[in-house]
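Student: Residue numbers (the working numbering), protein chains in the order written: chain A, 968 to 1206; chain B, 2 to 278; chain C, 368 to 657.
Since the hints were derived computationally from the structure, they do not count as laboratory data.
In the DSSO-like style, the derived pairs of lysine-lysine whose C-alpha atoms are separated by at most 30 Å in a straight line are: (1) C:419 <-> B:136; (2) C:419 <-> B:131; (3) C:598 <-> B:59; (4) C:598 <-> B:226.
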Amino acid sequence: MHIEIDEIAKSFGDTTALQPVSLAIPSGALVALLGPSGSGKTTLLRILGGLEYPTSGRVLFDGADSTGLSVQQRRAGFVFQSYALFRHMTVFENIAYGLKARPRKLRPPRAEIARRVAKLLDLIQLPGITDRYPTQLSGGQRQRVALARALAIEPRMLLLDEPFGALDAKVRKELRHGLREIHDATGLTTIFVTHDQDEAMELADLVVVMSMGRIEQVGRPQDIRERPATPFVREFITA
Amino acid sequence: MRPFVRPSPMPGLSLSLGITLTMLSLVVLLPMAALLWQGASFGIGPMWDVIDRDRVWKALLLSFRVAFFAALFNLVFGVLLAWVLVRYDFPGRRLVDAAVDLPFALPTAVAGIALTALYAPNGLFGSWLKPYGIKIAYTEWGILIALIFVGLPFVTRTVQPVAEEIDREVEEASATLGASRFYTLCRVIAPMLAPAALTGFALALARAVGEYGSVIFIAGNIPMKTEIAPLLIVMQLEEFNYNGAAAIGIAMLAISFVLLLAINLLQIWSRRRIGHV
Amino acid sequence: MSETPSSHRPRFRSATEEPAPVRIGLIAFVVLVLAVLVLAPLGVIFSEAFAKGWAAAWKALQSKDLQSAIWLTLVVAAIAVPLNAVFGVAAAWLITKFDFRGKAVLITLIDLPFSVSPVVAGLCLVLMFGANTMVGGWLVAQGMPIVFAIPGIVMATMFVTFPFVARELIPVMIEQGRTEEEAALTLGASGWRTFLTVTLPNIRWALLYGVLLCNARAMGEFGAVAVVSGKIRGKTATMPLAIEMLYNEYLSVAAFSLAGLLTLLALVTLLLKSVLEIRYADQLAATRRH
Ligand SMILES: Nc1ncnc2c1ncn2[C@@H]1O[C@H](COP(=O)(O)OP(=O)(O)OP(=O)(O)O)[C@@H](O)[C@H]1O
Ligand SMILES: [Mg+2]
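Isolated chain A (complex conformation) (with noise of 0.2 Å):
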């Protein structure tokens, strides 16, 4: 799906967390937002979510204004970088979750149901732990948990919220290139949010950075490294 971001501002009482910025996601890219803390990439990746509301300005998706659906009609797969898995629930009862929420006319049956958990857990790499509760997993294990519950709803775009950010050095490593084959298996439009600038380099097709409320430079990974548009830009890739 392609997104299209138009001069969205955003402000929570004093503090602007975004200030007017645009931006333009083609259909089936695989993006990075990059910045330092507090530059507002998760405002955005909210907004897009349709968990935040802009103080100003538009979201389009596929050319159509959608700025005021809701979280419920957008179908954006979200993964917080805390995972949010319901700790009550099993494995197999989180991944199903979205699909068991839906209005009885649009649930799949049951068997269908279990055979879609099947198929994503194939997808993560992780057969086999269908009945263990959240706090029995790894945080690996935990991380392609939820996108595995997020990916089951069959969603128009993909959301990730620092999807690596708890996760120590070697197994961050892995799922980055778990995250890519992901992505190229589903096709979807993936945002991800990261303040690594290597994980953005090396995974994402466009690199959209940001500081302060503003989006400093967007472009190919290589682009960013030889030709950084501002000094902030130069001194965050050389940093």
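Given the coordinates of chain A, work out where chains B and C with the ligands should sit on it, guided by the hints.
Tutor: Chains B and C with the ligands in isolation, oriented as in the chain A frame:
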């Protein structure tokens, strides 16, 4: 074998142990042992004869039945109240929050005469309801209201801190997965609050079963109809029938014990289901 | 073109909030129920007390029996509450600073009075210390009756308020751990000094909080005290018992005036409690979470 007390550099073991055990024994354990002793020396058979009378059964049944419904009301209302206090901001929220504790702070006898004054046929609420043929004071309904009053804060106070700590992202996750707010409340939030709500329910129930002060005024104490079990104990004592009093007292303890055990098991089960916290 | 007037926007619903009508409805519902259940009784106490004017209420309180009831209640609380505070501190210290077998049992036993009817509590004391029992008979012979006398009232009060202080302190002291005390001890402080200069300052607000709740219950206890006191007018009738007697004699103004006095005490307790909760929120957090 594990030592009875693990060695520790902390001072004051014998002093704190001494004070704790002495006072616990003197104030709680020995008197309760005296009750059991009285029952034991009276004998199981005679005790059963005391209890197995229509009037006693009716009183016991009344006490536990009304206490259960009062606790049930408090369970539902307490969860709602906790949710409103934690999640909604409105003028006077602090005041409402403080008012929740009034039943804890207000002496039960005071609550009893106040509720009676309100719900008696010539009272403020009583006179409104009279034209519709509704009688509250001196009926089971009056007892129910008194027991709801005394048990009001328990569920709210146990649920509130848990509700405060619910991770918003979990709710947001549910919404991004397409769940309606109602579905989220039922499937995600309710299970998280359940163990705390059950704890509050058990506390409210225990309190309501044994409650005396607020009930005797509004109940009217009509034999076989609105006589609660603790009142029967008081009446036996006034006749110096210690054996009779002990029999009913032990019966109450036994039933309470079974009830609380059941709630505890339910809670272990719900924690296991919801557990993994 | 970028500024879309916000009035044209469709209404946005937060993901973590109920729709506004539900919210308003719920707030109205709980406020209404609380008004009927809690506020109305509060109002009726004062309206009944002043039903015949301020002077009548004031005069009723001057009666000698009532004065002695007020005095007795204060005396009982003044003995029972500090004793329970000492117990609470000792029990909390024992439970949080040492590891020993049977700790869970001990905690259950301390909480036991919460699940015992006050009337049964009073009954237990009568069966232990009544004049016709072994212990009680001996004490009466020594000129120290317990039941139908002040010591019995104190013990009944202590029974029903027994867990109050300990319950508030234990979670706070668990949260604070043992490191500070250990540090003080390694620096050569004596046990008492460590307690007074390290532990006590850390738990003082929780202690005060527990004492406050304990005191409110102590001054208001009815069932347990009714059983052991014998209700001897002017001698063993505490304020709540005096209320019952006056009420049963249809002395409504006097009964409600006395009730009003206890209500004021309850309101002051709530006020202080709220102040503590707001002012020392962090130190009481563990208590509230418990
Ligand atoms: N709910 C909120 N209320 C008030 N201020 C907020 C809120 N959310 C974000 N902010 C502020 O908006 C700014 C941008 O925050 P945002 O979370 O988008 O940053 P971020 O780039 O995701 O940072 P990080 O890398 O630390 O996650 C910050 O100054 C933050 O304090
Ligand atoms: Mg962020």
